[in-house]
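Chains as they are written, first to last, in the working numbering: chain A, 246 to 463; chain B, 4 to 249; chain C, 37 to 288.
To be clear, the hints were calculated from the coordinates, so they are not data collected in a lab. In this text, a Cβ means the ideal position worked out from N, Cα and C, and glycines have one as well.
Chain C residues, not near chain B, derived (Cβ > 12 Å throughout):
| # | residue |
| --- | --- |
| 1 | G92 |
| 2 | L96 |
| 3 | S108 |
| 4 | L150 |
| 5 | A166 |
| 6 | P167 |
| 7 | Y235 |
| 8 | V237 |
| 9 | A255 |
| 10 | G266 |
| 11 | L276 |
Within a straight-line C-alpha distance of at most 30 Å, the following computed DSS-like cross-link-like pairs (lysine-lysine) qualify:
| # | chain 1 | residue 1 | chain 2 | residue 2 |
| --- | --- | --- | --- | --- |
| 12 | C | K112 | B | K103 |
| 13 | B | K190 | B | K103 |
| 14 | B | K143 | C | K116 |
| 15 | B | K143 | C | K112 |
| 16 | A | K290 | C | K228 |
Given next are the chains, with one letter for each unit.
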Amino acid sequence: MKRLLAALGIAGVFWGAQALCLGQLVTVKAEHPSRLVVPNPQIAKVLVSDFENLAADLLWIQSLQHNGDQLIDDEEKRDFRGMYEALDLASDFDPRFHELTTFGSWMLADGKRTPEAIRLLEKGQARYPDLWMYPYQLGFIEFLYAKDYLKAAQHFDQAAALPNCPPSARHMAAGLYAKGNKRDLAVATWQAIYERGDDRVRGIARRALKRLGVAVPE
Amino acid sequence: MSRIVVDIQNLGKVYPPQVGQPAKVALEGATLQVAEGETFGLLGPNGAGKTTLQKILLGLIRPTSGSAMVLGAAPDDTRTRARLGYLPENPYFYTYLTGKEFLEFCGGLFGLGGKELQERIAKLLDRVNMTSAANTQLRKYSKGMLQRIGVAQALVNDPEIVFLDEPMSGLDPVGRAQLRELILDLKREGKTIFFNTHILSDVEMLCDRVGILNQGKLVGSGKVHDLAGTGTLEDAFIRLVGGAHA
Amino acid sequence: MTRLWDLARNTFRETIRDRILYVLLVFALLMIASSVVFGTLTIGQDQKIVLDLGLGAIELFGVAIAIFVGTSMIYKEIDKRTVYVVLTKPVPRPIFLIGKFLGLSLTLWVLLGLMGVGYLGLAALKGVFAPALIGAIGLIGLQLMLLVAITVFFSSFTSPILGMILTFSLYLIGHNTEALRVLAQKASPALKAAMEALYYVLPNLSTFDAKNQVVYGEAVPALRWIWAVGYGLAYTVALLATASAIFERREF
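In isolation and in its complexed conformation, chain A is listed as follows:
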């Protein structure tokens, strides 16, 4: 029994070290205590040793936690550096983990890192050109954060042509083409997102609505 426990201990140390290298869960650089630290992708890709999915899950949980921590903090102290690198590496590890990319882009854009959100989604779109959720999400990011309505409309259009896409894409495209930058549309869209979304997405929608002057009860 002792031997077995010792053996499990050694294995734990071995793989614990490996997991730490991958997730760097405890590494916080002193000069940037709030920064999300991501392992070197080249090293991580060797260390991961056919545990790609699990590594992606780890990075994903780490990003979610980091995002949560930032939202608790004052707005000026929020630090979303490293989040793109974490999500990018995670999506390389597990490209089929679509929720990671789409929800990850919300987190990035909400953290004022819109170009990174777009880059992450475009990578996913290049991998899976037949999935509606990538152009659909790109449409929202272009519309709500980059405020490029033409591009947004084109993305929704593209999404609407793909199988299983919800009809709202077509409406979004139409509205955006027609109306351009209208506060009403923005509010309506955020409200639609708020109503359909789960708790996390709701938080983002609630903050966006607040910025537009619309109060949403907690």
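Please arrange chains B and C on chain A, whose structure you already have, making use of the hints.
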């Protein structure tokens, strides 16, 4: 003259040097024979090479020079080993097995099985007085019980020759007496017995012939009373071994 | 043949009676805890994460046992001198090694089976059971057998600690042989040849990996199975044959 069953000619064994240790000569030019039905005692102080010699006869190690034949064949022939029994020194057996399971395992290694093996095991357990502990795990056995189950496993194949390495070591007086009885029993059955010991009284009581090994060399061999001459075996032993130790 | 079975069964008994099944308890607790924790930590991806974690844990527990028990089992026989009892009976030394190999393999398959039942049960409970998951567990079993063969190979000539380190390293390298080939492309010609030779000699353990596909319901194709079984068998036979040749010369 009956058949020679153990034939050792000019046997030598040198252990190759290990880290921090030079090469070690364990046996040098040993020549001896044991005839069928004989009880042969290999006598000598600790480290004299007794275990090395038995291990060569059982194919666990190979000699560096000379030859060793058991039942007319080389010891690494599995057919030869099927006809031998062996009790190692201070035996450690699989502690997670019960006595009965251990004997079943050993019987299986001889290709035995079924009802025949079960009957044989029951008899052996009775013979070594271990029937009551047959279903206890070996980890709970006392030293004497281990020795007795060890004897039982050495007899599971009804061997022609039984090799015993220091069978009395660690036993209390009652245990010794019981084991002595057992060896005498085997002797009466006509088995050849080859045992290593450093206890002179055992040799005097049990053996037809002895060999005395000291520092790898066979310094004397013969019938017990021939070796003892007019004195005791102890005198002869000290005369043959003591000189080298002085 | 009966001798081989007796030796294998004895090793199976030894490992099972060494309370190795406690691993199952740890596995069960881990799975239950993680499915609760990840349900609250993540936003609806807990099913996928629990599937990933379960397969990962099955593999890692299996690998830990294969390496730690595998590297010590033959050493233990020598250290505890039980090898004297076995090898002085009419047991050829290769049969002894193969028996130990089969015994531990059997233990690992039983363990995998039990962990697998728990895992698939949890998957069914979460509504994400897919037959493909069974395929991944099967491939892990083949991989563990190859790892046991590697430990037997190392035990024929090294100490348990060294064997452990070497096997662990081979396990890591074995899952990254592709990286070796990529590196070879960048190396100088002489080094390139050496690295390419290594690529073919070292065990390619990615052959036995389907974890990242099956959680998305992608089954292990039949051809992959045939290749994995054939490759594993050929590699195992080569290792055990070499180990036997070395073990034949050993003295006890």
